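Trainee: Note that this note's numbering gives residue 72 to position 72 of the sequence shown, counting from 1, and the numbers run on in steps of one.
Heads up, a few of these hints could be off.
Simulated restraints on C-beta separations [to be verified]:
#	residue 1	residue 2	range
1	Asn100	Lys231	43 to 53 Å
2	Lys219	Lys21	35 to 45 Å
3	Asn65	Cys178	46 to 56 Å
4	Ala188	Ser94	31 to 41 Å
5	Asn27	Asn65	35 to 45 Å
6	Arg147	Lys185	18 to 28 Å
7	Ser181	Asn65	45 to 55 Å
8	Ala188	Asn31	18 to 28 Å
9	Asn72	Leu17	34 to 44 Å
10	Ile204	Ile24	10 to 20 Å
In silico DSSO-like links for lysine-lysine, alpha-carbon gap of 27 Å or less [as the list claims (entries may be wrong)]:
#	residue 1	residue 2
11	Lys68	Lys21
12	Lys18	Lys68
13	Lys202	Lys22
14	Lys202	Lys21
15	Lys18	Lys211
16	Lys76	Lys231
17	Lys195	Lys22
18	Lys231	Lys219
19	Lys231	Lys211
20	Lys22	Lys231
21	Lys195	Lys68
22	Lys211	Lys68
23	Lys18	Lys195
24	Lys76	Lys22
25	Lys22	Lys185
26	Lys68	Lys22
27	Lys103	Lys76
28	Lys76	Lys195
29	Lys219	Lys22
30	Lys18	Lys185
31	Lys195	Lys219
32	Lys103	Lys211
33	Lys231	Lys195
34	Lys21	Lys185
35	Lys185	Lys195
36	Lys211	Lys22
37	Lys211	Lys185
38	Lys195	Lys103
39	Lys18	Lys76
40	Lys211	Lys21
Hint data in this document are derived by calculation from the structure and do not stem from the laboratory. Here the structure is a predicted model, which means the values were calculated and not measured. Note that CB positions come from ideal geometry on N, CA and C, so glycine has one too.
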Amino acid sequence: MDHLIQKAKKEENNNLLKFLKKSIAFNGVANFDIDQVQPLIFFKLPNSWSLPIVTLTCIAIALPNIPKDIVNSLFKYVGEGLVYTRLIEENLNSASEYVNLQKTTMSLWRGVEDSRKWLETTLERSSYNGKTSWEIIECKSSIKTHREEELFSLLHGMIADIMVACFTNIPRVIIMKCHESVIEKREASVEAAVKLLGRTAKIIDSLEVRKLPNMDPDKMAFIDEWRLHLKQSIP
């Protein structure tokens with residue numbers, strides 16, 4: 001197994017790790033949505049980890065006056081992070097309502113990757129020439145207006161916050177895969193766990209020095225539970 005870990009470590013993404021360092025707290029988890037805005041439907045849909053990540057990224061890449069290389073880097077890092085976000089959701093958020101949400105979110109992300117469109121709305125910044133940040137965001141989010149650079153930085157940090165909170169569940173996914181109960185699947189599951197450990201070792205190490213909320217491990221798998229805990233912790 002050691003050789004598998006070492007091989008996987010060579011695939012470890014240092015750029016993603018650098019991106020995650022933009023997170024210094026978990027404010028983005030608590031604040032990505034606004035509870036005061038009344039929903040258009042009478043029942044509450046669950047939040048997933050990937051949906052706010054994708055939504056905030058779409059807002060960020062549509063902002064004008066942000067250097068193209070910075071926008072492209074964010075787009076790349078989010079795509080790399082969603083690989084692990086999706087893995088966590090598949091293993092820990094497996095109820096039908098979450099599965100449907102995950103499928104929808106990844107379908108939306110593929111549209112963004114393939115044609116830079118979100119729900120048939122173009123994200124190409126040339127389409128927003130002459131519009132202010134507020135006019136762009138008014139259609140896509142309830143975040144208050146800032147100068148473009150400040151807003152991009154805010155969104156960047158919120159995305160990193162959500163990813164880091166989600167990635168605290170990676171060790172649990174690894175353990176689950178090592179304890180696969182179906183004999184026929186066990187060998188492949190353990191091998192997948194070893195590879196995941198190798199690819200995320202530095203991410204896991206970085207989480208060990210973070211101050212994490214004192215939550216039930218089962219609840220840490222769900223972003224709504226994080227939001228509830230963080231809001232209750234505000235003095």
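Trainee: Work down the list of hints and note, for each, if the structure agrees.
Mentor: We went through each hint and held it up to the structure:
Distance hint check: the CB atoms of Asn100 and Lys231 are about 26 Å apart, inconsistent with the given range 43 to 53 Å. For Lys219 and Lys21, the Cβ-Cβ distance of about 26 Å falls outside the hinted range of 35 to 45 Å, so the restraint is violated. For the hinted restraint 46 to 56 Å between Asn65 and Cys178, the CB-CB distance of approximately 48 Å keeps it satisfied. Taking 31 to 41 Å as the suggested C-beta distance range, the pair Ala188 and Ser94 does not conform, at roughly 18 Å.
For the hinted restraint 35 to 45 Å between Asn27 and Asn65, the CB-CB distance of approximately 25 Å leaves it violated. For Arg147 and Lys185, the Cβ-Cβ distance of about 52 Å falls outside the hinted range of 18 to 28 Å, so the restraint is violated. Roughly 54 Å separates the CB atoms of Ser181 and Asn65, a value that falls within the hinted 45 to 55 Å. Ala188 and Asn31 have their C-beta atoms about 40 Å apart, which leaves the hinted 18 to 28 Å range violated.
Between Asn72 and Leu17 the C-beta distance comes to about 18 Å, which lies outside the given range of 34 to 44 Å. Checking the proposed 10 to 20 Å range against Ile204 and Ile24 shows it holds: the Cβ atoms sit about 18 Å from each other. A threshold of 27 Å between alpha carbons decides the hint, and for Lys68 with Lys21 the separation of about 21 Å falls inside it, so the pair holds. The straight-line distance between the Cα atoms of Lys18 and Lys68 is roughly 19 Å, inside the 27 Å bound, and the hint therefore holds.
Our distance criterion of 27 Å between C-alpha atoms is met by Lys202 and Lys22, whose separation comes to about 15 Å. For a cut-off of 27 Å, the pair hint linking Lys202 to Lys21 stands: about 12 Å separates their Cα positions. About 18 Å separates the Cα atoms of Lys18 and Lys211, which keeps this hinted pair within 27 Å; it holds. This hinted pair does not check out: Lys76 and Lys231 have alpha carbons roughly 31 Å apart, beyond 27 Å.
Using a Cα cut-off of 27 Å, the hinted pair Lys195 and Lys22 holds, with the two alpha carbons roughly 26 Å apart. Note on Lys231 and Lys219: the hinted pairing holds, with a Cα-Cα distance of about 15 Å set against a maximum of 27 Å. Annotation: proposed proximity of Lys231 to Lys211 holds, straight-line Cα distance about 16 Å (limit 27 Å). At roughly 21 Å between alpha-carbon atoms, Lys22 and Lys231 fall within 27 Å of each other, so this suggested pair holds.
Restraint check for Lys195 and Lys68: not satisfied, since their Cα atoms lie roughly 33 Å apart, outside the 27 Å limit. For a cut-off of 27 Å, the pair hint linking Lys211 to Lys68 is broken: about 34 Å separates their Cα positions. The suggested pairing of Lys18 with Lys195 holds, with an alpha-carbon distance near 21 Å, which does not exceed 27 Å. For the hint linking Lys76 to Lys22, the alpha-carbon distance of about 15 Å falls within 27 Å, and the restraint holds.
Taking the CA atoms of Lys22 and Lys185, the gap is about 38 Å. The hint is violated against a cut of 27 Å. This hinted pair checks out: Lys68 and Lys22 have alpha carbons roughly 19 Å apart, not beyond 27 Å. Distance restraint check for Lys103 and Lys76: the Cα-Cα separation of roughly 20 Å lies within the 27 Å cut-off, and the hinted pair is therefore satisfied. Under the criterion of a C-alpha separation no larger than 27 Å, the hint pairing Lys76 with Lys195 is consistent with the structure, at around 22 Å.
Distance hint between Lys219 and Lys22 is fulfilled; the C-alpha atoms sit about 24 Å from each other, no more than 27 Å. Among the hinted pairs, Lys18 with Lys185 is inconsistent with the structure: their alpha-carbon atoms are about 34 Å apart, more than 27 Å. For the hint linking Lys195 to Lys219, the alpha-carbon distance of about 25 Å falls within 27 Å, and the restraint holds. As the CA atoms of Lys103 and Lys211 are separated by approximately 32 Å, the hinted pair breaks the 27 Å bound.
At most 27 Å may separate the alpha-carbon atoms for a hinted pair to count; Lys231 and Lys195 exceed this at roughly 35 Å. Simply put, Lys21 and Lys185 have alpha-carbon atoms about 35 Å apart, too far for the 27 Å limit, and the pair is violated. Restraint check: the Cα-Cα separation between Lys185 and Lys195 comes to about 16 Å, which is no more than 27 Å; the hinted pair holds. Proposed proximity of Lys211 and Lys22 is supported: the alpha carbons are some 15 Å apart, at most 27 Å.
Simply put, Lys211 and Lys185 have alpha-carbon atoms about 36 Å apart, too far for the 27 Å limit, and the pair is violated. Distance hint between Lys195 and Lys103 is fulfilled; the C-alpha atoms sit about 24 Å from each other, no more than 27 Å. Pair hint Lys18 plus Lys76 holds up; C-alpha atoms about 12 Å apart against a cutoff of 27 Å. The straight-line distance between the Cα atoms of Lys211 and Lys21 is roughly 14 Å, inside the 27 Å bound, and the hint therefore holds.
Of the numbered hints given earlier, the model fails hints 1, 2, 4, 5, 6, 8, 9, 16, 21, 22, 25, 30, 32, 33, 34 and 37; all others are met.
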